[in-house]
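Between the sequences and the hints, there should be enough to build the whole structure, so can you do that?
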Amino acid sequence: MEYNFNEIEKKWRAYWAAHKTFKAENRSDKPKFYILDMFPYPSGAGLHVGHPLGYIASDIFARYKRMKGFNVLHPMGYDAYGLPAEQYAIQTGQHPAITTERNINRYREQLDLLGLSFDWDREVRTCDPSYYKWTQWTFIQLFKHYYDEKLQKARPIAELVSQFEADGNAQVNASCDEKTPDFSADEWKNFSEKEKQEILMHYRLAYLSDSMVNWCADLGTVLANDEVINGVSVRGGYPVERKLMKQWSLRITAYAERLLRGLDQVEWTDSLKEIQRNWIGRSEGASVWFPIAEKSNADVLPGVQAYINQASLHAVPAFEIFTTRPDTIFGVTFMVLCPEHEMIAQITTPEQKAEVEAYVTWAKNRSERERQAEVKKVSGVFTGAYAVNPLTETRIPIWVSDYVLAGYGTGAVMAVPAHDSRDFAFARHFNLPIRQVVLPEGEQPTDTDTWTESKDSKSGVCINSGFIDGMPVKKAITAVIDRLVEMGIGERKVNYRLRDAIFSRQRYWGEPFPVYYKDGYPCVLDESELPLLLPEIDTYQPTATGEPPLARAKNWEYKGYPLDYNTMPGFAGSNGYYLRYMDPHNDQCYFSKEANEYWRNVDLYVGGIEHATGHLLYSRFWNKFLHDLGMSCVEEPYHKLVNQGMIQGRSSFVYRIKGSNKYVSLHLKDEYETDPIHVDINIVDNDVLDIEKFRQWRPEFAGAEFILEEGKYICGWEIEKMSKSMFNVQNPDDIVEKQGADTLRMYEMFLGPLEQSKPWDTKGIEGVARFLKKFWRLYHNSELQFAVSDEKPSDAAYKSLHKAIKKVGEDIEKMAYNTSVSTFMICVNELTDLKCNQREILDPLCRLMAPFAPHICEELWQLLGHTESIAYAEFPQYEEKYLVENSCNYAVSFNGKTRFVMSFPLDMSREEIEKEVLASADAQKWLQGQTPKKVIVVPKKIVNIVI
RNA sequence: GCGGAUAUGGCGUAAUUGGUAGCCGCGCCAGACUUAGGAUCUGGUGACGAAAGUCGUGGGGGUUCGAGUCCCCCUAUCCGCACCA
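Following our numbering, the numbering of the first sequence begins with 46 at its first residue and continues without gaps.
Note that these hints are calculated values from the structure, not bench results.
Since the structure is predicted, the reported quantities are computational estimates derived from the model, not experimental observations.
All C-beta atoms in this analysis are idealised placements derived from N, C-alpha and C, irrespective of residue type, glycine included.
This list has only true hints and no planted wrong ones.
The list that follows gives simulated cross-link-like pairs (lysine-lysine, DSSO-like), each with its CA atoms no further than 30 Å apart: (1) K422 - K503; (2) K703 - K766; (3) K563 - K224; (4) K409 - K291; (5) K926 - K859; (6) K519 - K503; (7) K55 - K68; (8) K818 - K56; (9) K198 - K638; (10) K808 - K859; (11) K783 - K65; (12) K178 - K77; (13) K520 - K195; (14) K685 - K638; (15) K766 - K707; (16) K844 - K819; (17) K288 - K241; (18) K808 - K714; (19) K985 - K859; (20) K880 - K783; (21) K239 - K288; (22) K808 - K848.
Now the in silico label distances, taken between C-beta atoms and shown as ranges: (23) E800 - D514: 50 to 60 Å; (24) G812 - R884: 20 to 30 Å; (25) G89 - P174: 17 to 27 Å; (26) E302 - E70: 34 to 44 Å; (27) H64 - L289: 53 to 63 Å; (28) A62 - S802: 28 to 38 Å; (29) G89 - A936: 54 to 64 Å; (30) E800 - E154: 26 to 36 Å; (31) E402 - S802: 42 to 52 Å.
Take a look at the structure:
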């Protein structure tokens, strides 16, 4: 029989489905292996060849692990909530559930064509009530917990309440908002219920607060920081502005340290870990309180300590700054507040009031985009007020400028113009003093007036710095912090760039919050009320009064109290999906303890790098929280993570002569003025345009004329993103139809290293198709009848097979599948040349290739007489004895340049090899009578003769 | 600006980790079978050269008997972060 992939693939797809071949059991004596793909958002466009790249790679690994005797969990599902379905609903009025369902079905059809060994019985969809019940449930737990800094763990909020009742909050060491007030036990007891709730909100891990959010008017919703790039939304590219809104947030910052430390325990690429480290942005330094100077015009204010001691710091007007370089405090010549800083109004002098207000208004109204675009432009205004530098006891002016960010540290900085480029630029622009306090090694102090930029101060010794003069930077940092602590105005502090995750979206297509409002403060539903179903509404727009779409829902209330109008963000559902796969049908709990303790965490996670700061951070946080609750037994959810590269498109172009409907072939185009026009790659073969199809392609090309070269129209090409608009999309369905799924699988792997981006070459796949045909023919005679003999194979055949087993085995462990495919090609070429058709070779070869090309291998496996699926057959083991060589080809080089090759027995001594090489005619020719200065013989490798 | 990665034929890539650069495939060239080929099979294919040979892994230095691989400097491209105090 000819290799009929269509029939074979159809047959085995049906077989696997009918036999539930890839069903994973939660109890097994086998070791477990959990291999997960980042589940897709089912878009309306369907899959192109780039999407399955990771799925195929993980599938090969899953199939390999099964053959190695592991109980493999390899599930798939859908990240089904999200903006595109809702945007489409707004445009068409169609319910997003309907379009989502349709897209999922299409995805499933396409995925099924690829022979992926998923356990579909475990499928999850984030928009399914039986799934989002647990997303809502986790939200409720977050609401009911706070983070205990001492235990480094989430604890029930009730424990916090007991502490408040006993001692107030002075002794409490918990993650909370900056503005959390201090209170005693008595005060707590006298608070009203509403006041108590407001206090607790400062501690909850899911909390409602007025926060500065990224408001995207075009999408009608707020966005999390990772959903905004360069001041515009990641989805759609709409402008984003800062706005103060009451929103749910998740206190992910409480976990910053654990999120950072956990990175040391996982096998991710360094670049990905680095992205997360940057995003978390830990910096060590000091928090320092600068007192506001009293109404004194003196430049030097001795006795700061006495001034501070007059009252507790909080009574003296003062503001807090964060610095990583407390050692430069003697170089502080002014202070800068961000325009949003709440003390501005309080400290600004009457004379400066108008100017400051104008600046603040201007700065606040600028979009993020404008602000970021004009980073180099210096702007600011003097408040008229002064602070006291507590160490120099001098009076320093307080300015307002938008180069200080509200979102980082305290929104206020001590400016050290000599050693900070931004402070330097500001000082120069407004003519403020610059004072050098760090002297790099080997330099002499210079007049700061002559400087054109700030001086690096990473290392060196302190100068002009009072008691730390002469100290190296590192020592000075400690010394200054000690002094500040002593004075009662500072402390060591670690600061993070990471912000809490804004968790509300003013959208319809997402999980409703299990929250109602009683007397104006939020309460969570009882767990028994879950899931809180997403209600039906008439239209998916905000209301006339600007309320989110859920405000349109009828009876959207609980026991007469209004329910929350927001829904959760797109990333909510994906946070814990990997846990739910372990026990997807459990309606009593998120997942059972047994299932979790068996599957533990994901051993191999495959997906795109685009989730580096979103999903991968939130999901780790979510899991750590569930770990604190004693539910998820392993703290890091994804042990090994591989980011697959993108498959780029190879676009084809025709060149239209300007102002005409005439097209000139690639190599002649420079003789004309032309415009390149994208042309559908389906009407181009090997860069040759099918002229007739081009004329039919679109009405405007119907009358096209051509200037040909050698009778052909040659198209130009360029590597671009694979996208419909560039007409360079390859549809996997078409390839499966034309070449087969096994060919597609192997070709995707053959393109290059998994983690690299590489273009899709429409021609290259034919080489893989030819290879599979050749592979098939190994098992067949010239009449194409199945013909495998039981004769003893030759040594050469054994060697060829075992070379391949060794290499492929090593490659799979490294996921270096591109070299595996080429190894198969080499092996099949060799066996074909050897006319090998022996069972002892072809049976293991079939198993070796089964993870890559499962359909054809199942078919051959059956022809070989096996009755069980090859999916659980034993992966072949290589035996060293077939690979032993008794001679080696030594490359003989002169001064490092290879000249010829000589073969010697492996056990030949260096001396003998040297003698024989030098005696050979080839060597004599190159020596030309000279005596070699030195001869290097590396056994089993090379001979190098130095002359 | 900071951090990370990458750079090898016309193209995608490979190189036992310091030891014969270019495996495998595409493309290209030639041949076979064919009425025909955009099918199939066989052989060739880094550049220059008639050949002997010379040159050759982004560029420049270095270490070494020997460097695509190690070290230093530079260039280009991609990615992440970016007024982060």
